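K.L.:
Read off the chains here:
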Amino acid sequence: MAEEKNIISLQYKVNGEDFSLAGEASSNVKKILKQLGVNPEAIRRVAIAMYEGEINMVIHAKGGIAEVNITPEQIKVLLQDEGPGIADIELAMQEGYSTAPDNIRELGFGAGMGLPNMKRYSDEMKINSVVGKGTRVELIFNI
Amino acid sequence: MSQYFHSVTLNKEKCKGCTNCIKRCPTEAIRVRNGKAKIIKERCIDCGECIRVCPYHAKKAVTDPFENIYNYKYKVALPAPTLYGQFKNVWDINLILTGLKHIGFDDVFEVARAAEIVTLATKRIINSKKLQKPIISSACPAVVRLITVRFPNLVKNVIPIQSPMEVAARMVKRNISKKMGYKTEDIGVFFITPCAAKVTSSQIPIGLDTSLVDGVISMKEVYLKLVPILDKIDHVENLSCAGMIGISWANSGGESTALENEQNIAVDGIHNVIKVLEELEDEKLSDINFVEALACTGGCVGGPLTVENNFVAKNKITRMAKLISNTAVNDISNTLETVDVSWTNPITYKPILNLDNDMIKAMKKMESLEKIYNDLPGLDCGSCGAPSCRALAEDIVRGFANETDCIFKLREKVRGLAREMMELEGEMPPPFRKNEE
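In the order they appear, the protein sequences are chains B and G. According to the working numbering, the first sequence holds residues 12 to 154 in order. According to the working numbering, the second sequence holds residues 299 to 735 in order.
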C-alpha cells in the first residue's frame, strides 16, 4: 500500500482449478467498497464487470491475478493471466461470440457476454493480448 | 419513538459471555463486553438467530403482554397462519379461531386472508412491469431490514407492499368501525407472532409512518392459553375465511408458489438468504422473476416464538391447506379496490457498515484495517468479543477495541516484556556489579 497518497491497492490470486471459487475476489472487493462508502451504483458496476473477468480467467486461462486500485475518484481493476490469449479481440468483443468449450457451456457459462458486459459496465476498458502468452484487461470505473 | 427499537434483547443475568451468538449473527451486531453480550442497535435486524443459538436462553424477544388486550373495548386477534401448525391433534382451523375468542378476544381475523390480498397486489405489480426484476418479497421484516443495511443495490427491487399483518390490521379497523360503530382507537388489533421481527415492525413500521397493529403477542404464550381449552369447546364457530393460498404463506415457498410463475424461487434461513442476495446483487440470477426470502428455516413455521418443530409444522400446514378450497378471486379483488396496501414511505439504504462518512478517512481506516487484520492470527476464535479477526480489525479502526484484545497478541506482548525483563534483570548498575574485571 502506498504511503501519503489516497490509494488502496488490493491483490487477489484467481484460482483456475475450482469453478465454485470464481467470484471470491469480486465479492471481497464489493464488501470493501461498501465499507468505504463508494456509491452503490459504482459498486454494482465494479462487482459485475470484475466477476465476468474472474470467470473468464477461470474458463480460458486457468486463473490469473486480479489487482484493484481504489482512489476517491476512480477504481481500476487489472486482470492478468498467462492463458492462450485472444486471437481476434474485435471478434471476442461481439455479443454472443464465445470460444468456451461445451462442458463450460453446459454449466451455463460461455454465452459470449463476458467481455461485452465488462465494457458495458466500465467507463474505460483496455485489452492487450498475445496468443500463447496471455491477456491483460484494464477496467476503469469513475466514481 | 427513538430511531431504534428492538424486540430482541438480552437477559444479562443468564448471559455467560460465550461466543455462540456473536458468531452466528448475520450482521455482526453482537460483541461481548464486560463478560456479557452487547447488541449494536444500529446493526440488529431482529432476525432472532441469536435467540435460537443461545444455550443459556439469555436472548429473548420482547412481546406485548397478553393483558394489554383489555385496554380496548373491542379486541381482535390476528393469528399468523403459522399458529395452525402448532397443535398435535387439531385439524380444524375454525376450532383454533373459536379458541381465540374463548381466551379473551371478541373477534378474529386471519392474517392468511390478508396474505391472499397481498398475493393479488403482488401479481398486479409484477404484471405492470414497473418494478425492476427480480422482485424481492417484503413479507419478512428481518430480510427487508437486512437489505437496507447490507444490500444497497437491492433496495429498489423490494416490492412496496405492506405485510399481511398490516393489511389485516387495516381491514379489521375499517370493517369493524363501519359495521359495529366502534371508534378506531377503541378497537384493539393484536397480531399473534411467530417471530421477533414482527414486534419490531409494529413499533417501527416498514414503508409506513405508523402501524395499525396495537400489540404483538407471542405465539408461545397464546399456545399455552389455547391448549387447555381447545378440547372443551362445544360450539365451533365458522370464522375461517382464508383459502389454501393464504394458509400456505406460513411455509417457505407458499408466497412464491401462489404467484404461479416457474421462475420464482423461495429461500429460507437468514444465512441462505444472504447468499442469494449476494448473487442477486451481482446480477447472477437474472433469469429469476420473484424471490421469496424468509429469515427463519422453513419460513415462518421456523420462527423463534413457535412451539412445534418447524418440519412437523410445515407438513401439518401443507396438509391443512389441502383440506380447504381456494378463496374466490373476485372476493379478494373487491377488497383490494377498497384497501390501500401500498407503502407510503419508500425504504432507503442505511450505510451503517461504512468505516467513515468521509471517503478519504474511510480509505485511511481501511488501509490500517488491512494491516491490522494481516497481523491477527486468523483463527476467528471470538475470545476478543468480536465474531472474527476481521471484525476485530474493524472495531480497532473504529476505535471500539484494541489490538491487545486479541489474546494471542496479548500473549506475544507479555512474552516480549518477559524477555526484556529477563535481560534487564541481568544488567546491574556499576556500583552493584560483582566480579568486575
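I should point out that these hints are in silico values taken from the structure, not numbers from a laboratory. Some hints here could point you the wrong way.
As the list claims (entries may be wrong) - Just a sample of chain B residues kept apart from chain G, beta carbon distances all over 10 angstroms, derived:
1. R55
2. Y62
3. I81
4. L102
5. P112
6. G123
As the list claims (entries may be wrong) - Here are the simulated DMTMM-like pairs of lysine to aspartate or glutamate, each with C-alpha atoms no more than 25 angstroms apart in a straight line:
7. G:K310 - G:E340
8. B:K130 - G:D585
9. B:K42 - G:E725
10. B:K87 - G:E668
Predicted model only: the values in this text are computed from it and were never measured. Idealized CB from N, CA, C, for every residue including glycine.
K.L.:
Confirm or reject each hint.
P.N.:
Here's how the hints hold up against the structure:
1. R55: violated (5 angstroms)
2. Y62: Incorrect as stated: the minimum Cβ-Cβ distance to chain G is 6 angstroms, not above 10 angstroms.
3. I81: Check fails; 7 angstroms does not lie beyond 10 angstroms.
4. L102: Fine: 25 angstroms to the nearest Cβ keeps B:L102 off the interface.
5. P112: holds (21 angstroms)
6. G123: holds (15 angstroms)
7. G:K310 - G:E340: holds (20 angstroms)
8. B:K130 - G:D585: holds (21 angstroms)
9. B:K42 - G:E725: Answer violated: B:K42 to G:E725 is near 52 angstroms, above 25 angstroms.
10. B:K87 - G:E668: holds (19 angstroms)
When each numbered hint is compared with the structure, violations occur for hints 1, 2, 3 and 9.
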